[in-house]
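Take the sequences, apply the hints, and build the full model.
Each chain is listed here by its residues.
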Amino acid sequence: MKKLSVSLAIFALVILFSWDKTEAEPLKSIKTDFLSALPEVKKHTLNNGVNLLYLKDDLPVTVIYASISFGKLYENSGNAGITEVLCKTLTIAGTESYPGNSLNQKLESVGGEINISAGWETIGIEIKVLSKYNNLAFDILGDLLKNPVFEGADVNSAKQLVMEKIKRDMDEPEETGVLKLREIIFGGSGYGTVPTEKSIGNIDSGSLKLLWNKSATGGNVTIAVSSSENESEIISLAEKKLSEIVKGKKEYYTIDREKILSDIKSSSGIIYLIPRELEQATIYIGTCAPEIKYNGNYALYLMNYILGGGSFNSRLMNEIRVRRGMAYSVYSLVRNRRSAGIFISFVQTRNESAGEVLSLMHENIKKMYNEPVSREELAWAKESVKNSYVFRFNDIDDLLGNFLEIDYNDLDAGYFRDYLANINGVTAGQIVDESRKMFEQGLITVVVGNRNLEKVLSSHGKVVICEQEK
Amino acid sequence: MKKFYICFVLIFLMISVNNYSTEVDTTEYFKTKVVEKRLKNGIVLLMMDRGFSPTLAFHISFRVGSVDESYSTSGAAHILEHMLFKGTDKLGTKDYQKEKPILNRIEAVGETIDRLRLENPGSGEIKKLEAELKSLEVRQSELAISSPYDMLYTSNGGVMFNASTSRDMTGYYIQLPSDRIELWAETESARLKNPVFREYYKERDNVFEERLMRYQTSGDGLLQEAFFAAAYSAHPYRHPTIGWESNIKYMSINDIRKFYNTYYIPSRMTITVVGKQNPEETYNTIKKYFEDIKPRPEPGEIKIIEPEQVGEKRISVYFKSRPSIMIGWKKPTAPAKDDYAFDIMQTALGTGKSSRLYKSLVLEKKLASAVYAWNGAPGSRYDNMFIVYAAPVAGVSLETLEKEIYSEMSRFRKEIDSAEIDRVKNLSESSFIFMLDNNDGIAGQLSYYQTVFKDWRYLANYLENLNKVSVEDIYSAFDKYIKDNNRTVAVLLDDRSVK
Chain A
32 MKKLSVSLAI
42 FALVILFSWD
52 KTEAEPLKSI
62 KTDFLSALPE
72 VKKHTLNNGV
82 NLLYLKDDLP
92 VTVIYASISF
102 GKLYENSGNA
112 GITEVLCKTL
122 TIAGTESYPG
132 NSLNQKLESV
142 GGEINISAGW
152 ETIGIEIKVL
162 SKYNNLAFDI
172 LGDLLKNPVF
182 EGADVNSAKQ
192 LVMEKIKRDM
202 DEPEETGVLK
212 LREIIFGGSG
222 YGTVPTEKSI
232 GNIDSGSLKL
242 LWNKSATGGN
252 VTIAVSSSEN
262 ESEIISLAEK
272 KLSEIVKGKK
282 EYYTIDREKI
292 LSDIKSSSGI
302 IYLIPRELEQ
312 ATIYIGTCAP
322 EIKYNGNYAL
332 YLMNYILGGG
342 SFNSRLMNEI
352 RVRRGMAYSV
362 YSLVRNRRSA
372 GIFISFVQTR
382 NESAGEVLSL
392 MHENIKKMYN
402 EPVSREELAW
412 AKESVKNSYV
422 FRFNDIDDLL
432 GNFLEIDYND
442 LDAGYFRDYL
452 ANINGVTAGQ
462 IVDESRKMFE
472 QGLITVVVGN
482 RNLEKVLSSH
492 GKVVICEQEK
Chain B
405 MKKFYICFVL
415 IFLMISVNNY
425 STEVDTTEYF
435 KTKVVEKRLK
445 NGIVLLMMDR
455 GFSPTLAFHI
465 SFRVGSVDES
475 YSTSGAAHIL
485 EHMLFKGTDK
495 LGTKDYQKEK
505 PILNRIEAVG
515 ETIDRLRLEN
525 PGSGEIKKLE
535 AELKSLEVRQ
545 SELAISSPYD
555 MLYTSNGGVM
565 FNASTSRDMT
575 GYYIQLPSDR
585 IELWAETESA
595 RLKNPVFREY
605 YKERDNVFEE
615 RLMRYQTSGD
625 GLLQEAFFAA
635 AYSAHPYRHP
645 TIGWESNIKY
655 MSINDIRKFY
665 NTYYIPSRMT
675 ITVVGKQNPE
685 ETYNTIKKYF
695 EDIKPRPEPG
705 EIKIIEPEQV
715 GEKRISVYFK
725 SRPSIMIGWK
735 KPTAPAKDDY
745 AFDIMQTALG
755 TGKSSRLYKS
765 LVLEKKLASA
775 VYAWNGAPGS
785 RYDNMFIVYA
795 APVAGVSLET
805 LEKEIYSEMS
815 RFRKEIDSAE
825 IDRVKNLSES
835 SFIFMLDNND
845 GIAGQLSYYQ
855 TVFKDWRYLA
865 NYLENLNKVS
875 VEDIYSAFDK
885 YIKDNNRTVA
895 VLLDDRSVK
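Those sequence lines, one after another, are chains A and B. The opening position of the first sequence corresponds to residue 32 in this note's numbering, with each subsequent residue numbered one higher. The opening position of the second sequence corresponds to residue 405 in this note's numbering, with each subsequent residue numbered one higher.
Where hints are given, some of them may not hold.
[Said to hold, decoys possible] Capping the alpha-carbon separation at 20 Å, the derived lysine to any residue pairs in SDA-like fashion look like this: (1) B/K531 with A/E383; (2) B/K769 with A/E182; (3) B/K884 with B/P736; (4) B/K769 with A/S188.
[Said to hold, decoys possible] If the Cβ cut is set under 10 Å, some of the chain A residues that face chain B in the computed set are: (5) L192; (6) K196; (7) R381.
If you are wondering where the hints come from, they were derived from the structure by calculation, not from laboratory data. Fair warning: this is a prediction, and the values are worked out from it, not measured in the lab. Note that the Cβ used here is the ideal one computed from N, Cα and C, for glycine as well.
Quick look at the structure:
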C-alpha cells in the first residue's frame with residue numbers, strides 16, 4: 032500500500048504556522064486544526080496502473096467514482112460532441128455482461144444508481160450502492176471499462192438524444208450565449224467546441240470504440256471509492272474486477288495558446304449580438320484565463336471574488352443589482368484547468384438597460400487593472416476564503432474530489448496545504464498586474480437579446496449580428 | 405428551465421427519504437439522532453450532531469408561502485424573503501435616526517407613484533415624484549450599508565447563504581464553521597425581530613428581473629406557470645410563487661409589512677441545525693437569542709378548497725422553444741394513504757432509467773428525449789397533483805407522445821405487481837441512505853417536514869408507511885384519480901413553427 036504523501040495532519044500544522052499574523056484580521060479567524068482530524072484518503076496503484084483512492088465511510092454505502100482522462104476539452108470541430116455521445120452510449124447500450132438497459136435495471140433493482148457524465152477534462156462514471164452490493168458495482172464498472180457495447184442502433188439513439196439536448200439547450204439564452212462566447216474565445220476547439228448535426232453525424236461505433244480503447248486504460252483511469260467496507264476488501268475487489276484493463280498512460284489535451292490569444296485580440300471590442308425576441312437581454316464578457324498551475328491564479332481568484340464572485344458584496348453585484356435594481360442574476364467566474372482556463376462575467380437585464388449594464392461591466396473590469404483594490408476589500412476577500420476553507424473538506428465527496436484534482440493536474444502534494452498561505456500572500460499590486468495581463472489579452476462580448484439592441488450596443492463597439500439556426 | 409429540473413430533483417429527494425431497511429434502521433437513526441426542543445414562544449428547534457468536519461448547516465423556516473397570499477398580494481411572500489436581506493435598525497445603516505425619515509418619505513413617494521401609475525398614468529405628477537424618489541434613494545444610500553449580512557457571513561466563512569420561497573414555506577439558509585453559532589444566532593434573531601425594508605423599490609425591480617429570467621425567457625417556465633394556473637380554479641396554488649407581473653410592479657411595501665407581521669410568528673417557525681455540535685449548547689444559544697421573539701396570533705389556514713374538477717382542462721402555450729407537455733391529475737396530499745401510492749407510481753413510472761416511461765418512450769420507442777413523473781406538485785400543505793412531463797424528439801408530435809403516455813400508464817395499472825413495488829422500495833431505501841451524507845441535505849429534509857407537515861417524524865416513518873402500500877392500494881388510487889375528467893394537460897408549442 033502506497034499512501035499519499037499528503038498527510039492532512041501535516042497540512043494543519045503548516046497552515047497554522049504559515050498564516051501571516053501581521054495581516055489585518057478584522058475578525059477572529061477560524062481555527063484550521065480540524066484538518067488533522069479528517070479521515071485519511073489512501074492511495075493504491077493496481078498493476079495495470081489504475082490509481083485507486085479509498086476513504087472509509089460510516090454509512091453502509093459504497094460510492095465508486097471512476098475518472099477517465101478524456102473530456103470535451105479534448106475535442107475539436109471535427110469530433111465536437113463525441114464525449115457526450117460516448118457517455119450516452121455507455122448509459123443506454125451497456126456492456127457485454129449487462130447489455131442494453133439491463134445494466135440500469137440490475138442496479139436500480141437493488142436501489143443503486145449510475146451516472147455517466149461528460150466533463151470538460153474527464154468522463155465520470157459514478158456508481159452508488161448499498162455496501163452489500165459492492166461486488167455488483169465493481170463488476171459493472173469493470174465491464175464498462177473493458178467490454179462496453181457500441182452497437183450501431185444504440186449509438187444512433189445516443190446521437191439523437193445528445194442532439195435533442197443540444198437543441199433544447201440552445202432555446203435558453205444563457206446556453207446560447209455562453210456557447211458562442213467560448214466558441215469565439217477558443218476558436219471552435221477545446222473549450223470552444225460547438226457540436227453540430229455534422230460533427231455528431233460523423234460519430235459512429237468505430238470512432239467510439241477507438242476512443243474508448245485509447246482512454247479506458249490503466250494509467251488513464253483513477254478510481255475514488257468511499258465505502259463502509261474495509262480498504263483491503265475494496266482493493267481485492269478492484270484487483271479482481273479491474274485487472275484486465277490494459278496498461279496505458281495518462282492522455283492530456285493540448286491547446287494552442289498563441290493562436291487563442293491572437294484570435295481574442297482580433298475579436299476584442301466586437302459585440303456579438305444573437306437576436307432573440309425576448310424581454311430580457313443576456314450579456315457575457317469573457318476571455319482566456321491561465322492554466323491551473325500558474326502562480327498568479329491566487330491573485331486572480333481574489334480579483335474575481337472582489338469583482339463578481341463574492342456574492343452580494345462583489346462590485347458587479349453591488350453596482351448592477353443592489354444599487355441600481357437592474358438585474359437578478361449577476362456574477363463573474365474564473366476557472367483554471369490543466370492547460371486552459373476561462374474568465375466569464377454574466378448579467379441578465381431588461382433590454383432597455385442592456386447598454387448601461389454593458390458599460391458597468393466593462394468599467395468594473397477595467398477598474399480591476401487600473402487601480403488597486405482597497406485594503407478593506409482585500410482583507411474581506413482573504414478572510415472569506417480563509418474562513419470558508421473548511422468547506423472544501425466538508426464531506427467525503429469533497430475529500431476524494433480534492434485528491435482527484437491533485438491527481439489529474441499533477442499538482443504538488445502541498446497544494447492544499449499551502450493554499451491559504453498563497454492566498455494570504457497576495458497584494459493589491461499583484462491583483463492589478465494579473466488582471467491587466469488577463470484582461471488586456473482582449474475581451475469578447477456576446478449579447479443575446481432583441482435585434483433592436485444593435486443601435487444601443489453600437490455605441491459600445493462594433494456589433495456583429497450572429498444569426499442562429501432554428 | 406433549470407428551476408424546473410431542480411424541482412424534479414427536489415421532489416424526488418423529498419419523497420424518497422424513508423426507511424424499512426434492515427441495512428440501516430433509518431427510523432431509529434432519525435429518532436435517536438434528532439434532538440427536538442420547543443421554545444416558550446412556540447419556535448420548534450431540531451438539532452442533529454453528525455459529520456467529521458466542524459461545520460453546521462442552519463435552516464430557519466416559516467410555514468408561509470405563496471399559498472397564504474390573496475389575489476392582490478400574489479408574490480408578497482417572495483418579495484418579503486428578499487427584503488429580509490436588507491438589515492435592521494442597527495445592521496446595514498450608518499445612522500438609523502437620520503435614515504429613518506428618508507425611508508418614510510421614500511415609502512410615501514413610492515406608494516403615490518404606484519397609485520398614480522395605476523389610476524392616472526397620464527398624470528404629470530409621476531415624473532416629478534420619480535425624480536424625488538431617485539434623489540431620496542441617493543440620500544438614503546449614503547446612510548446605508550448594502551448587503552450587510554452577506555459581508556458579515558462571508559467574512560466569517562459562511563457559504564451557501566441564501567433563501568427560498570415556495571407555495572408552502574419560506575426558508576433562510578447558511579452553512580458556517582461550528583464555532584460561529586453565536587454570531588449566527590445573534591444575527592438571525594435580530595434579522596427576524598426588527599427588519600428594515602430599505603432599498604425596497606430597487607429590490608422590487610430585481611424581483612421583476614427574476615421573473616423575466618424564470619418565466620418569460622424560458623418555455624418550460626412559462627408552461628409550468630400556465631399549467632398550474634389552469635389546473636386550479638380557486639385554490640391559491642394556481643398563483644406562481646414569484647407573483648404575476650403586475651403584482652410585482654405594484655406591490656406595496658405596506659402589504660409586505662403586513663404579511664411579515666401576520667406570518668413571521670414563532671408558532672410558524674422552525675430552526676434546524678445539523679452538523680458538528682453539542683446539542684445542549686446549541687439549544688442554550690438559540691434559546692438565548694430567539695425565545696424573546698413575541699408570539700402573535702395564528703392567522704389560521706386558508707379557507708379556499710379547490711372545487712372538484714368536472715372535466716378535462718387543456719391549454720396551449722406558444723413560445724420560441726421546442727415543444728413539451730405536462731399532464732397532471734389532482735389527488736390528496738400526505739399523509740393520506742393514496743399519497744404513498746402515488747409516490748410508488750412516481751418512482752415506478754419516472755425515476756431512473758429502468759422506469760417504465762423512460763424505458764418505453766425514450767429508449768424503446770424513441771419518442772421522447774426526456775420524461776419525468778412526480779407526485780406532490782405544486783405544494784403539499786393542501787391537496788396537490790401527480791404530474792408527468794415529457795419532451796418529444798424532433799418529428800414526434802405532442803399528440804402521439806401524449807397517447808403513448810396514457811398507454812404506458814394503463815399498462816402500469818395492468819401489470820404492477822409486488823416485484824415492481826419492491827424495486828421502488830429498494831430505490832427509496834437507498835436514496836434515503838445516500839441522502840444522509842451531508843449536513844445541508846438533512847437539515848433541508850427535517851426543516852421541510854416539520855414546516856409543511858408539522859412533524860419531522862413524517863420523514864423518519866416514511867419508509868415504514870411506504871412499505872404498507874399494496875398492489876390493491878395502487879389500483880385504488882389509480883382508479884380513483886387517474887381519470888380523464890380529473891386531468892389537466894398543458895402543451896408548449898414552438899411559435900417559430902406555427903404559421
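Status of each hint after checking the structure:
1. B/K531 with A/E383: holds (18 Å)
2. B/K769 with A/E182: Status holds; Cα separation ~17 Å.
3. B/K884 with B/P736: holds (11 Å)
4. B/K769 with A/S188: Holds, because 10 Å separates the two Cα atoms, which is no more than 20 Å.
5. L192: It holds, given that the least Cβ distance between A/L192 and chain B is near 6 Å, below 10 Å.
6. K196: Interface hint status for A/K196: holds (6 Å vs cutoff 10 Å).
7. R381: With Cβ-Cβ at 7 Å, under 10 Å, it holds.
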